[in-house]
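Spelled out, the chains give:
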Amino acid sequence: MSAAESEVLVEALSDPSSTAQFDDPHWEVLVQRARASNLLGVLAERFAARSLLDAVPPAPRAHLVAARVRAHAQAKATMRELRAIARALADVETPVILLKGAAYLCAGLPVARGRVFSDVDILVPKARLAEVEAALMLSGYVTSHPHPYDQRYYRQWMHELPPMQHLQRQTALDVHHALVPETSRMRPDSNLLIADAAALPVESRQDLAAGQPDVPIRFAVLSPTDMAIHCATHLFCDEDFSHATRDLVDFDALARHFAATEPGFWTTLIPRARTLQLARPLSYAIHWSSRVHRTPVPPEVLRDARRDAAPFPIRQAMNALLGPALRPTRGRASTRWARRALYIRGHWLKMPPHLLAWHLTVKALRREEEAPPANDADGDRA
Amino acid sequence: MSQVQDPIWRVVAPSALTEREWNDELVVYNDLDGHTHHLAPLGGKVLLALLEHADGLSGTTLIERVGELLAIDDAPVLAPAVEEALDELGKLGLIAPVGA
Amino acid sequence: MGPIVTSIRSPMPAVIDGIGFHYAAHETPDADAFADFHVQIGWPPGVRRFIRPTATFRVDETTAFEPLPANQGFPLLEWGMNWCIAAHCDQYLILHSAVVERNGCALLLPAPPGSGKSTLCAALVARGWRLLSDELALIDIDQLVVTPIPRPISLKNAAIDVIRTFWPEAAIGPVVRGTLKGSVAHVRPPASSVERQRESVRARWIVLPKYAEGAPTTLSTITRGTALMRLVDSAFNYTVHGRRGFETLAAVVEGAACCDFRYGGDLDAAVKALETLTSEG
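Residue numbers (numbering that gives the first Met the number 0), protein chains in the order written: chain A, 0 to 381; chain B, 0 to 99; chain C, 0 to 280.
No lab work stands behind these hints: they were computed from the structure. No residue lacks a Cβ here, since even glycine has one placed at the ideal position from N, Cα and C. Check before you lean on any hint, since a few could be wrong.
What the hints assert, rightly or not - Partial list, derived from the structure: chain A residues whose beta carbon lies under 10 Å from chain C:
(1) Ala-35
(2) Arg-49
(3) Leu-51
(4) Asp-53
(5) Pro-56
(6) Pro-59
(7) Val-64
(8) Val-68
(9) Ala-72
(10) Lys-75
(11) Leu-207
(12) Pro-262
(13) Phe-264
In isolation and in its complexed conformation, chain A is listed as follows (with noise of 0.2 Å):
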């Protein structure tokens, strides 16, 4: 696959009517690559969005369809799994952040459109974490990860509760109380995310409450600065790299869409972010975001953000291996060495050395006893 074919999916996200010349080699390029990287119901709204679907032949096309018949179904299921969420916390007086996928659905952002949503996550305050986990056990949710060494690595480490799972529905949610783990370097401060969440609009609002009035619905999300600088945080300092081209994808559409529709989004970006003590991954963000999928970032901005990066050779030794990280090539080997070598770094950036030592080792001599984990396994990762 050469370098230009690997572009193919990123030229046809920003511009659909880029395939107006496709032949088949190239369509079943563009497909297999959206695919693999979790992006064919977001292409296919795209082409959607343009009225071009029809446009499509027949064979590719059919994977669209499917894909936003599927994308729809996932939409869907979100929306059930927070109103039972709604109903086990409906005594519990706290805030709930929504993150990520189920944020961007809630809040109506283009971003959601065609996206894949697996795991719910949602932000509480600290000081309400054991209530909050109580409500939800109490309501059928347990830890999906009963191994004693997983449980205290996730309470005593990390930003957030073991996974849990649902036992009847199966559906998986992630309790957080911080954006990164206890043990990190970076310590952004959740109350200051708390204070500045955005209410949901109406009709996610309306839809939450469907069938259940009584239920309150104290759902709230990150402001648009603070959504964006997570996505490059969970982007960024994640040590799973397999949906890094999905994550990039995101943050660009949020930029997008914030740079439209928020006055001074772009200038109150990197300040929040310091304040936050996110810079360095909102630097990359930015970076990157312009440099694949050409996110009109503002001159100064763009300078601004390069400040915040790693100081040399830290930044030529992460360019080199996002660039190929970032690429929707998962069977490729330099994306899958550069995805390798990232997950160290995202465990590097979670604890000190010595933890990360602990740690991988644990991990290693686990995975002998243990059936594989399921490396490819789709969907967000926190």
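Place chains B and C on chain A using the hints.
Frame of chain A, contents of chains B and C only:
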């Protein structure tokens, strides 16, 4: 008559339901939870009667209405069966007593 | 096959021979044609191939299942392709069902494994019915027709010899023993069915088969509601389609005669009963 003895029942989310009535059976899809139900004749009539009244119906009125639908004029016989159907439809999440 | 083009790469002789034998009547598109799925059936990496030879199934650069012993390469390919379709082709409502056609109308045989639907399907095809699929009913949601995807019929265990006896001319491939489902052999789809793989048809009969050893052949009408619930249970992606899924299955049920079908070892009687059903009106 007090609320406790004769509560008002209503359909939880009428717009979420799609139903098909074939002879005496009713199948209904609930878009709120994605479930599909196959209702016995009486349960089907109870649901259809409630769908006619967005504000809900009391148990007593329901028994009359279902009696009309089934052409059975015998409230004492119908009453326990309707109670049972209400209970069943409630468990399926299709209907709920108002104010519950 | 049918609406799907699969690009298959494999170095394994059993897979190559299996494709040559079973897909002889299928067209081979140009190398440049759009392929829906890229499938590889291969050896595991490195020396493992020589220690414990297994076959791995990869689709779109990802390993999809646990590897199976190398002799199961062809069944693995067939199961893998079923999985590709069931997991990705949500433009259709997909039922776990055999589909055959007679007089321009389709008979659906939706059933869980072990109910003998493939045996029944092979028996009907032996008597001249057109094969649309022995595993997957692809229902076109807009047109309410079943899209054919004629592929080898998969027979298990005793059914292999039953069909050999019932249909001596059947082109049956090698028996692969020791799979998760026991012994498996595939029947090549008739060329006439493959030729008509672009002809979609409406479902006019829904027959829910149940094999019970020695039982007499009985066909009994069931209500539409019962049939609908059985179709819901047999669908791979009913929930994905939500309200439209319900409306689609309701319309299918409304347009078809719905029956429970119990049959024992007498395939002749079984075929005759279904021929009688499908000759009425």
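message = Is the interface hint satisfied for A/Pro-56? The criterion is a beta-carbon contact with chain C at less than 10 Å.
response = holds (7 Å)
key: A/Lys-75 as an interface hint toward chain C, with CB separation required under 10 Å   = holds (6 Å)
key: A/Ala-72 as an interface hint toward chain C, with CB separation required under 10 Å   = holds (4 Å)
query = Under the criterion of a CB-CB separation shorter than 10 Å, is A/Ala-35 in contact with chain C as hinted?
reply = holds (6 Å)
query = Are A/Asp-53 and chain C close enough, Cβ to Cβ, to be under 10 Å, as the hint says?
reply = violated (13 Å)
Agreement of hint A/Val-68 with chain C interface, Cβ distance less than 10 Å = holds (5 Å)
task = Go through the hint on A/Phe-264 and say holds or violated, using the shortest Cβ distance to chain C against 10 Å.
result = violated (35 Å)
query = Taking 10 Å as the limit, does the beta-carbon of A/Arg-49 come near enough to a beta-carbon in chain C?
reply = It is violated, given that the least Cβ distance between A/Arg-49 and chain C is near 20 Å, above 10 Å.
task = Let me know if the C-beta of A/Pro-262 comes in closer than 10 Å to any C-beta of chain C, holds or violated.
result = violated (38 Å)
Given hint A/Leu-207 near chain C, where the shortest CB pair must fall under 10 Å = violated (18 Å)
query = Can the hint on A/Pro-59 be confirmed by a CB-to-CB distance to chain C that is less than 10 Å?
reply = Because about 6 Å separates A/Pro-59 from the closest Cβ in chain C, which is inside the 10 Å limit, the hint holds.
query = Does A/Val-64 meet its interface restraint, that is, does its C-beta lie within less than 10 Å of any C-beta in chain C?
reply = holds (4 Å)
Consistency note: the structure conflicts with the earlier hints numbered 2, 3, 4, 11, 12, 13.
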